[in-house]
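Produce the entire structure from the sequences given, and follow the hints as far as they go.
Number of protein chains: 2
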Amino acid sequence: MTQAMFERVALIGVGLIGSSISHAMRRRGLAKEIVGSARTKATLATALSLGLIDKGYERAAEAVKGADLVILSVPVGACGPLAAEIAPHLSAGAILTDVGSVKEAVVRDIAPHVPAGVHFVPGHPIAGTEQSGPEAGFAELFDGRWTILTPEPGTDAVAVEKLKAFWTALGSKVEIMNAQHHDMVLAITSHLPHLIAYNIVNTAEHLQRVTEKEVIKFSAGGFRDFTRIAASDPTMWRDVFLNNKEAVMEMLRRFSDDLAELKRAIEAADGDTLFRRFTEARDIRRGIIAAGQDTPAPDFGRVHGSQPAPETESGARK
Amino acid sequence: MTQAMFERVALIGVGLIGSSISHAMRRRGLAKEIVGSARTKATLATALSLGLIDKGYERAAEAVKGADLVILSVPVGACGPLAAEIAPHLSAGAILTDVGSVKEAVVRDIAPHVPAGVHFVPGHPIAGTEQSGPEAGFAELFDGRWTILTPEPGTDAVAVEKLKAFWTALGSKVEIMNAQHHDMVLAITSHLPHLIAYNIVNTAEHLQRVTEKEVIKFSAGGFRDFTRIAASDPTMWRDVFLNNKEAVMEMLRRFSDDLAELKRAIEAADGDTLFRRFTEARDIRRGIIAAGQDTPAPDFGRVHGSQPAPETESGARK
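Protein sequences appear in the order of chains W and A. The opening residue of the first sequence carries number 1 in our numbering; numbering runs sequentially from there. The opening residue of the second sequence carries number 1001 in our numbering; numbering runs sequentially from there.
No incorrect hints appear here.
The calculated label-pair distances, taken between Cβ atoms and stated as ranges, are:
no.: 1; chain 1: W; residue 1: Glu246; chain 2: A; residue 2: Ile1176; range: 48 to 54 Å
no.: 2; chain 1: A; residue 1: Arg1264; chain 2: W; residue 2: Arg276; range: 30 to 36 Å
no.: 3; chain 1: W; residue 1: Arg276; chain 2: A; residue 2: Gln1180; range: 27 to 33 Å
no.: 4; chain 1: W; residue 1: Ser49; chain 2: A; residue 2: Arg1286; range: 23 to 29 Å
Example chain W residues on the side facing chain A (calculated, C-beta under 7 Å, incomplete):
no.: 5; residue: Ile126
no.: 6; residue: Thr129
no.: 7; residue: Gln131
no.: 8; residue: Arg145
no.: 9; residue: Met184
no.: 10; residue: Arg209
no.: 11; residue: Ile216
no.: 12; residue: Phe226
no.: 13; residue: Asp258
no.: 14; residue: Ile266
no.: 15; residue: Arg285
It is worth saying that the hints were derived from the structure and are not from the lab. Just so you know, these numbers come straight off a predicted model, no measurement behind them. Note that CB positions come from ideal geometry on N, CA and C, so glycine has one too.
Here it is in structure tokens:
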């Protein structure tokens, strides 16, 4: 058990990330008290009943009072208005952070509201699942994953170190970089993959010559993996694309250029180019497994190692 | 234990699919004898040592002699030459099938070689993992998945029924459709997703402003799921794209049109369109889980439910 790092942590938003932070704090006893607020009364009630927060407030402005750590776990587009609402109620010396997937826009929207004496340190844990909501969280979500902090120049170094230690205690590894670079890195590692996954699922839905039923039945050929990514929270992702437009557009241009090359290779029956490109892509996978960011166990659409129940199978055989 | 359906099954090729067929046959005792051949001596030796085949032959023409079921489990591009090689050695009344991901081209390449009295029934199990080779196979690969058979008009109905019963006994569900429709269905459910996955991994590798090290470190944001798909066998996939050009090109055109719409929405800051498209994509995921083609368990880059070893974690925290 680690000694508590904060007296009172205010979680503004208790979805997948907010609730996972709560579980991970409880696991290590990092906060003497966890309070919170949520956008809806229903979510707030769920968060209280799950024990994610000790006290719940309908208004974020109430929740942050007396907190020495305030974490905004809300869609990127909600950060600005929230910051304006809570700013007058933040305690002197408090650390204010967020978990948004875009950092330049969040700095733009939050920083102007932050009063003197409050330390704003933007953050982003690179971890998640395709699920959403307070029930989706679990303590291990951040274990072995990276959290990026993007403090602006001049930010109090002690506050940055303390937040870094906090994320480390949550199980994460921590890297510090500037907000612009973060947005470029995430545009390729997260934002473009999600946009492409959403798009390919949309394309499948719009087909006339292949039915949706067929798309679902035969999805084990690769499509189902895209649908997993495309099951992520639509509000969160809408805000990501609205707020990281430039970097996403740059990555999309490069993606389209590369796709045009593959298309030309297929049209020209240029098997050598296809083979070379496919082989290159395989290598980067090995790096990801070596870095512990994915498991080498094959994924075939079931819980690994489990076998379907015999009854299901015999039923399916009829 | 089911009664043996075949006296002697010849597996031509013992990679992921061929070896899984062997395991699934053994599980139910479907063949009295399993023989096989492989492209390399090393693979043949591995197949023998793993017990995938009872007898191994360096030449496919030798392996098929006396077999009442011959299964070609090789890349699509290898089917034509193989068919020419084995044709004179096929037994009267034998069923010849394949497992290729493209069916029109396979019919085009194999059918002309098939002697009278041999029943050619093209097949394609929609199942796989990102791994390759004889060690990658396992008996449960086909359980609950679909296998598509695409017999040409006039094919012996008894042979088709027998092959259907065989795939059912391997654990699969079976659907029969024509080769052209198969190729269109697979173009959207499998071929386009793989092309897009390969392409996005290539794009990430070509970046200057984001390093490969960063792409790997922060891959948990979505990118790693694409690298899993892009880790599939390059030879197999080269042959798929060379042999299903038209259908893939049609899907690629539709994909690009849809992507252009998303791009316009981002540029115009049209959040409503983005939200609507993302919500639609989420719905199809539910259909896939309801159809048993994927598990609802969240994927977060580890074996489901497992926790990282504490030593690893404390090491990572340093």
